[in-house]
Every structure is written in structure tokens, then in C-alpha cells.
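**Q** Chain residues, written in single-letter form:
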Amino acid sequence: GAVVSQHPSRVICKSGTSVKIECRSLDFQATTMFWYRQFPKQSLMLMATSNEGSKATYEQGVEKDKFLINHASLTLSTLTVTSAHPEDSSFYICSARDPLSNQPQHFGDGTRLSIL
Amino acid sequence: DQQVKQNSPSLSVQEGRISILNCDYTNSMFDYFLWYKKYPAEGPTFLISISSIKDKNEDGRFTVFLNKSAKHLSLHIVPSQPGDSAVYFCAARGGNSGNTPLVFGKGTRLSVIA
Chain C
1 GAVVSQHPSR
11 VICKSGTSVK
21 IECRSLDFQA
31 TTMFWYRQFP
41 KQSLMLMATS
51 NEGSKATYEQ
61 GVEKDKFLIN
71 HASLTLSTLT
81 VTSAHPEDSS
91 FYICSARDPL
101 SNQPQHFGDG
111 TRLSIL
Chain S
1 DQQVKQNSPS
11 LSVQEGRISI
21 LNCDYTNSMF
31 DYFLWYKKYP
41 AEGPTFLISI
51 SSIKDKNEDG
61 RFTVFLNKSA
71 KHLSLHIVPS
81 QPGDSAVYFC
91 AARGGNSGNT
101 PLVFGKGTRL
111 SVIA
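Top line first, the protein sequences correspond to chains C and S. Sequential numbering of the first sequence, starting at 1, is according to this note's numbering. Sequential numbering of the second sequence, starting at 1, is according to this note's numbering.
One thing to keep in mind: the hints can contain errors.
As the list claims (entries may be wrong) - Cross-link-like lysine-lysine pairs, in silico, DSS-like; alpha carbons within 30 Å at most:
hint, chain 1, residue 1, chain 2, residue 2
1, S, K56, S, K106
2, S, K106, C, K64
3, C, K64, C, K14
4, C, K55, S, K71
5, C, K64, C, K41
6, S, K5, C, K64
7, C, K41, C, K20
8, S, K68, C, K41
9, C, K66, C, K14
10, S, K68, S, K5
11, S, K54, S, K71
12, C, K66, S, K5
13, S, K71, S, K56
14, S, K71, C, K41
15, S, K56, S, K68
16, S, K54, S, K106
17, C, K64, C, K20
18, S, K5, S, K106
19, C, K55, S, K54
20, C, K14, C, K55
21, C, K41, C, K14
22, C, K66, C, K20
23, C, K41, C, K66
24, C, K66, S, K54
25, S, K106, S, K71
26, S, K71, C, K14
27, C, K20, S, K106
28, S, K71, S, K5
29, S, K5, S, K54
30, S, K54, S, K68
31, S, K5, S, K56
32, C, K41, S, K56
33, C, K66, C, K55
As the list claims (entries may be wrong) - Label pairs and their calculated CB-CB ranges:
hint, chain 1, residue 1, chain 2, residue 2, range
34, S, S8, C, L26, 28 to 38 Å
35, S, G60, C, P86, 42 to 52 Å
36, S, Q81, C, M45, 39 to 49 Å
37, C, L116, S, Y39, 38 to 48 Å
38, C, S15, S, K54, 41 to 51 Å
Hints in this document: simulated from the structure, not taken from any laboratory. All residues carry an ideal CB built from backbone N, CA and C; glycine is no exception.
Model the full structure from these sequences, guided by the hints.
**A** Printed below as a string of C-alpha cells:
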């Protein structure tokens, strides 16, 4: 079964809307979660590293005021795309790893964001 | 600059034959490599991994080979089955921490034809 749950799976909304995406680790606590973005026929690109209880670390070129990350608990990280525009339309996906196991990172099922 | 490259966007293989998916990397600091499989509308699912101290890791029908000098790894699937049809991503990371982010290739779409 899924060890990382992501919600919603699909969002279609108007330009200017803010969209919140949730990423939950199931059955384990994750001090670190990762947010990736994938454009069509491209690789998954790391956007930011979400750290529980502290500020997220953003990759170069990713606007932290545009993509707000909150990791308020050990099982939940949220990504909010603020004032979304059509160019923000993409597939957003999170991952987390159980630090107490040797398992690799597990991914959520992703969120397809379409901004009209 | 792509640090992990999958130069074949697609591959078609007959059922029962071997599928070979290739991956090259440029960052010599990478020391752990993974293959993920992805179906449409789902997140990537971990398949198999290999540490840089090894040159081969096998798990059932899946074998990953690592050639450090060539900075090249490959995933072999034998025998290939129609259910293996998916996009396969090669990923790499550096450092000893499992919490180091992964760097992905663009993926190779494998189609196994019955």
C-alpha cells in the first residue's frame, strides 16, 4: 500500500487562484520531504526540500514566495502555489523517506495542476 | 545541465525477451543509484537500487549493472512481461544520507509487446 499520500490528485482552476497540495507520510515520521515538478517529457526536477519545524530549502530558480512550503508536523508537508498562472501548470509530486528504515524515498501519486 | 541522462526516450521489446534500459551520469559524487517505474497518473515506484561499491544487483527479473569508470548503469529485465510497460526513471544521489534529494533522468518509456 501507499506509504506517501498526496492530495488532491488533480486541480483545474482559474489564473490567480492559490492552490494547496498536501503530502502525508503514512506509518512513519518524515523530518524531510521533497517536492518535485515534472513538465511533459521532462525529468522530475527538485523544487525544494521541506524540513519539519524549519524553513524549506529551495532550488535555484524556484521562487519561494510563489511556492510556499509548510512542514508543520512530522507527517505533513504542504505546497501552496500562490496566484497560479498557466505557466505553473505541471505535475507536482512529493516524496519522503522513513529515516528508521533502509527503504529509499517513496513518492506520492502526484498532483496534476492545470491553470486556465 | 543534465547530470543524469537517459538518452532513449522509448524502447519496444517483445514479451519474453530482455529489456535493457540505459542511464549515464556526469557527477562523480553520485554514490547511490536507483530505478523507479512509473505508470500514468501514479507516482514513481521504487524498483531496484545499487550502491557505488557494487557493480551488480539482482532482484528477481530485474538486474542493475553499474560501470563506475564509464559513469553508466543499466537495468535489465528478463523475461520482459506486458505488465512491465511503463516509464522507467534512473535516479542518483550523492552523500551517505538517505535524505539527500534524488536527481532524475528524463525517463524511458518501455513497451512490452505480447
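**Q** Now tell me if each hint is right for this structure.
**A** Structure-based check of each hint:
1. Among the hinted pairs, S:K56 with S:K106 is consistent with the structure: their alpha-carbon atoms are about 23 Å apart, no more than 30 Å.
2. For the hint pairing S:K106 with C:K64, the CA-to-CA distance comes to about 25 Å; that is within 30 Å, so the pair holds.
3. About 21 Å separates the Cα atoms of C:K64 and C:K14, which keeps this hinted pair within 30 Å; it holds.
4. Between C:K55 and S:K71 the CA atoms are separated by roughly 35 Å; this puts the pair beyond 30 Å, and the hint is violated.
5. For the proposed pair C:K64 and C:K41, the alpha carbon gap of about 25 Å is at most 30 Å, so the pair holds.
6. As the CA atoms of S:K5 and C:K64 are separated by approximately 28 Å, the hinted pair is consistent with the 30 Å bound.
7. As the CA atoms of C:K41 and C:K20 are separated by approximately 24 Å, the hinted pair is consistent with the 30 Å bound.
8. Distance restraint check for S:K68 and C:K41: the Cα-Cα separation of roughly 27 Å lies within the 30 Å cut-off, and the hinted pair is therefore satisfied.
9. As the CA atoms of C:K66 and C:K14 are separated by approximately 16 Å, the hinted pair is consistent with the 30 Å bound.
10. For the given pair, S:K68 sits about 15 Å from S:K5 by alpha-carbon distance, which is consistent with the 30 Å threshold.
11. Distance restraint check for S:K54 and S:K71: the Cα-Cα separation of roughly 13 Å lies within the 30 Å cut-off, and the hinted pair is therefore satisfied.
12. Of the pairs offered as hints, the one joining C:K66 and S:K5 holds, with about 29 Å between alpha carbons and a cut-off of 30 Å not exceeded.
13. The straight-line distance between the Cα atoms of S:K71 and S:K56 is roughly 14 Å, inside the 30 Å bound, and the hint therefore holds.
14. Under the criterion of a C-alpha separation no larger than 30 Å, the hint pairing S:K71 with C:K41 is consistent with the structure, at around 23 Å.
15. Proximity of S:K56 to S:K68 is assessed by CA-CA distance (about 11 Å); at most 30 Å being required, the pair is judged to hold.
16. Of the supplied pair hints, the one linking S:K54 and S:K106 holds, its CA atoms being roughly 24 Å apart against a limit of 30 Å.
17. A distance of roughly 14 Å separates the Cα atoms of C:K64 and C:K20; the hinted pair therefore holds under the 30 Å criterion.
18. Of the pairs offered as hints, the one joining S:K5 and S:K106 holds, with about 7 Å between alpha carbons and a cut-off of 30 Å not exceeded.
19. Using a Cα cut-off of 30 Å, the hinted pair C:K55 and S:K54 is violated, with the two alpha carbons roughly 36 Å apart.
20. With a C-alpha separation of about 29 Å, the suggested pairing of C:K14 with C:K55 holds against the 30 Å cut-off.
21. For the suggested pair C:K41 and C:K14, the alpha carbons sit about 24 Å apart, so the restraint of at most 30 Å is met.
22. As the CA atoms of C:K66 and C:K20 are separated by approximately 12 Å, the hinted pair is consistent with the 30 Å bound.
23. For the hint pairing C:K41 with C:K66, the CA-to-CA distance comes to about 24 Å; that is within 30 Å, so the pair holds.
24. A C-alpha spacing of about 42 Å is found between C:K66 and S:K54, which places the hinted pair above 30 Å, so the restraint is violated.
25. Simply put, S:K106 and S:K71 have alpha-carbon atoms about 17 Å apart, close enough for the 30 Å limit, and the pair holds.
26. Taking the CA atoms of S:K71 and C:K14, the gap is about 45 Å. The hint is violated against a cut of 30 Å.
27. Among the hinted pairs, C:K20 with S:K106 is consistent with the structure: their alpha-carbon atoms are about 26 Å apart, no more than 30 Å.
28. As the CA atoms of S:K71 and S:K5 are separated by approximately 11 Å, the hinted pair is consistent with the 30 Å bound.
29. Our distance criterion of 30 Å between C-alpha atoms is met by S:K5 and S:K54, whose separation comes to about 20 Å.
30. Under the criterion of a C-alpha separation no larger than 30 Å, the hint pairing S:K54 with S:K68 is consistent with the structure, at around 9 Å.
31. Distance hint between S:K5 and S:K56 is fulfilled; the C-alpha atoms sit about 20 Å from each other, no more than 30 Å.
32. Proposed proximity of C:K41 and S:K56 is supported: the alpha carbons are some 29 Å apart, at most 30 Å.
33. With a C-alpha separation of about 15 Å, the suggested pairing of C:K66 with C:K55 holds against the 30 Å cut-off.
34. Look at S:S8 against C:L26: about 35 Å separates their beta carbons, and that is inside 28 to 38 Å.
35. Distance hint check: the CB atoms of S:G60 and C:P86 are about 44 Å apart, consistent with the given range 42 to 52 Å.
36. For the pair S:Q81 and C:M45, the supplied restraint of 39 to 49 Å is violated, since their beta-carbon distance comes to about 31 Å.
37. Taking 38 to 48 Å as the suggested C-beta distance range, the pair C:L116 and S:Y39 does not conform, at roughly 27 Å.
38. For C:S15 and S:K54, the Cβ-Cβ distance of about 49 Å falls inside the hinted range of 41 to 51 Å, so the restraint holds.
The structure does not agree with the numbered hints 4, 19, 24, 26, 36 and 37 stated previously, though it agrees with the rest.
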